[in-house]
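Here the protein sequences come in this chain order: A and B. Numbering (this note's numbering) for the first sequence: 1171 to 1390. Numbering (this note's numbering) for the second sequence: 12 to 269.
Please keep in mind that the hints were generated in silico from the structure rather than gathered at the bench. C-beta atoms are modelled at their ideal positions from N, C-alpha and C, and glycine is treated no differently. Each hint should be verified, as a subset may be incorrect.
[Said to hold, decoys possible] With a straight-line Cα cutoff of 20 Å, these simulated EDC-like cross-link-like pairs (lysine to aspartate or glutamate) come out:
#: 1; chain 1: A; residue 1: K1327; chain 2: A; residue 2: E1346
#: 2; chain 1: B; residue 1: K136; chain 2: A; residue 2: D1289
#: 3; chain 1: B; residue 1: K211; chain 2: B; residue 2: E196
#: 4; chain 1: B; residue 1: K155; chain 2: B; residue 2: D145
#: 5; chain 1: B; residue 1: K211; chain 2: B; residue 2: E182
#: 6; chain 1: B; residue 1: K130; chain 2: A; residue 2: E1300
#: 7; chain 1: B; residue 1: K134; chain 2: A; residue 2: D1229
#: 8; chain 1: B; residue 1: K130; chain 2: A; residue 2: D1289
#: 9; chain 1: B; residue 1: K134; chain 2: B; residue 2: D145
#: 10; chain 1: B; residue 1: K211; chain 2: B; residue 2: E228
#: 11; chain 1: B; residue 1: K130; chain 2: B; residue 2: D154
#: 12; chain 1: B; residue 1: K211; chain 2: B; residue 2: D252
[Said to hold, decoys possible] Interface residues of chain A toward chain B, partial, derived using beta-carbon atoms under 10 Å:
#: 13; residue: I1252
#: 14; residue: V1292
#: 15; residue: Q1309
#: 16; residue: R1386
#: 17; residue: R1388
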Amino acid sequence: MFDFAFALSILPQLAVATVTTLVVTISSFFLALLIGVPLLLLRRSGWHSVSRTTAGIIDFIRCTPILVQLYFLYFAMPEFGIRLSPIATGILVFSVHYGCYMSEVYRAGLESVPRGQWDVCVALSLSRSETYRSVVLPQMIYPIIPAAGNYLVHMFKETPLLASISVVEMMFVSAEIGADRFRYLEPITLCGLLFLLMSIAAAGLIRTAEFLYGRRWRRV
Amino acid sequence: MTSWEPIIVFSSVTKRFGARTVLKALDLEIPLGQKLAIVGPSGSGKSTLLRILMTLESVEAGSVRVGSQYLWRGDRERTVEADVATTANVRRRIGMVFQQFNLFPHMTALQNVSAAPIKVLRKSKEEAYAHARDLLTRVGMSDKVDAYPAFLSGGQQQRVGIARALAMNPEILLLDEVTSALDPELVGEVLSVIRMLAAKGDLTILMVTHQMGFAREFADRVCFIDGGEIVEDAPPAQFFDAPIQRRTRDFLRAVISA
Chain A
1171 MFDFAFALSI LPQLAVATVT TLVVTISSFF LALLIGVPLL LLRRSGWHSV
1221 SRTTAGIIDF IRCTPILVQL YFLYFAMPEF GIRLSPIATG ILVFSVHYGC
1271 YMSEVYRAGL ESVPRGQWDV CVALSLSRSE TYRSVVLPQM IYPIIPAAGN
1321 YLVHMFKETP LLASISVVEM MFVSAEIGAD RFRYLEPITL CGLLFLLMSI
1371 AAAGLIRTAE FLYGRRWRRV
Chain B
12 MTSWEPIIVF SSVTKRFGAR TVLKALDLEI PLGQKLAIVG PSGSGKSTLL
62 RILMTLESVE AGSVRVGSQY LWRGDRERTV EADVATTANV RRRIGMVFQQ
112 FNLFPHMTAL QNVSAAPIKV LRKSKEEAYA HARDLLTRVG MSDKVDAYPA
162 FLSGGQQQRV GIARALAMNP EILLLDEVTS ALDPELVGEV LSVIRMLAAK
212 GDLTILMVTH QMGFAREFAD RVCFIDGGEI VEDAPPAQFF DAPIQRRTRD
262 FLRAVISA
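Given the sequences, and given the hints that come with them, work out the whole structure.
Here is the structure:
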């Protein structure tokens, strides 16, 4: 049965691994937020070839499994002389993969701003950049928050894939403890619980951010 | 006050949306200070006329000018668009109020009205706010300066929309079906604001409207547009009491009996 004393004894090890999971998740998420911007701009470029190529690359990255991308970068690239640490590989793959998703989220946010808002900016002589800065961006952010938040939680839950390229994150440590001590129940249960708790916390934070951002000008 | 020097001139303007011709070689001259009401069935091209003047739509042929500045210059067959600087200059002279208000939802009434003066005219916040407060008072919104649009009624939002258009001190004001999206009981408060504007003699106003009673009282000229051309063009009394064209009579009978 579930051994609480054993569970308690492995908690410190798991806590250290949690830090790794969080570092990878949070840094990949912020990088993904950044990477999404140029991808969106390239995607909307006036040059047809640029926008088509970007769309192709985005589709390619979104339509191949993260696990395959991790393996490719970590195990196949060294053959071409490119060698990255496990964590660096993980952050690179996650940030680019989710950066592609973010560019689509930005696109949806941009399209959610009604055409009338653009019209009135022309009528008021606002410049293109001022229109984006003062009118379009503030209205885009609101619908982006929950969508981006979903991807944050989603990405967080996918980090156990990094165990496969020997990043010492929560899943890796849990499996290792299980193999060493021949007890999987406690480490895997704890690992799942930690993911659950942090996912719930993140979802709460996202809802709070959404509320705080729109609280003054949105009617609930 | 109406002097007969035209401030707005459309000549042979043709506008197409795909295969559909919305304006057919349309000619229209509007003198400085005129209050012009434009009426007609939906899809007749009357809103397009305003949107062209605001450079929200382009034209396929003909000329459009404001004062001596051409937005498009051409003939019945072709046209050339003005350069960016000229277009920007003309835009500054024109204000527009929209059917759907189009207030900035993330800004208060005061911020909505002062945004363009601050960002475009580079006015100081104090100066822009003072002017915005003044304008909001004139449209009867002095107690709602800090309210966000979502918390205002349609009529209140549209009055803010009018104040916002006036904040740039336009010579020409375009009113595009400004009461069409309002509940009937809110139409009056917006019309009374427009009545007040009409008293300003030097402001040229083009108003696309379905409010025939108001058009008659407010305008000093009424144009009936149908099928992309001006069918009837007359002073209000003549337009409503003794229209010459049969299509105008049919239209008036339809809207007044409705």
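Quiz item: Is K211/B within 20 Å of E196/B, Cα to Cα?
Solution: violated (26 Å)
Quiz item: Are the Cα atoms of K211/B and E228/B separated by 20 Å or less?
Solution: holds (15 Å)
Quiz item: Taking only the CA atoms, is the gap from K1327/A to E1346/A under or equal to 20 Å?
Solution: holds (19 Å)
Quiz item: Regarding the hint that R1386/A lies at the interface with chain B, is the smallest CB-CB distance below 10 Å?
Solution: holds (6 Å)
Exercise. Closer than 10 Å between Cβ atoms is the bar; does R1388/A clear it against chain B? Give me holds or violated.
Key: holds (6 Å)
Quiz prompt | Interface hint status, Q1309/A versus chain B (Cβ within 10 Å) | solution = Interface hint status for Q1309/A: holds (6 Å vs cutoff 10 Å).
Quiz item: Given the hint that K134/B pairs with D145/B, does the C-alpha gap stay at or below 20 Å?
Solution: holds (15 Å)
Practice problem: For the pair supplied as a hint, K211/B and E182/B, confirm whether the alpha-carbon distance does not exceed 20 Å. | Solution: The given pair, whose Cα atoms are some 11 Å apart, holds under the 20 Å limit.
Quiz item: Is the straight-line distance between the alpha-carbon of K130/B and that of D154/B 20 Å or less?
Solution: Since the Cα atoms of K130/B and D154/B sit roughly 25 Å apart, the hinted pair is violated (cutoff 20 Å).
Exercise. Would you check the hint for K155/B and D145/B, treating anything up to 20 Å between C-alpha atoms as holding?
Key: holds (12 Å)
Practice problem: Please verify that hint: I1252/A, Cβ, nearest Cβ of chain B, below 10 Å or not. | Solution: violated (45 Å)
Exercise. Assess, step by step, whether the Cα of K136/B is no farther than 20 Å from the Cα of D1289/A, and give holds or violated.
Key: Roughly 24 Å between the alpha carbons, so the hint for K136/B and D1289/A is violated.
In this structure, the earlier hints numbered 2, 3, 7, 11, 12 and 13 are contradicted, and the remaining ones agree with it.
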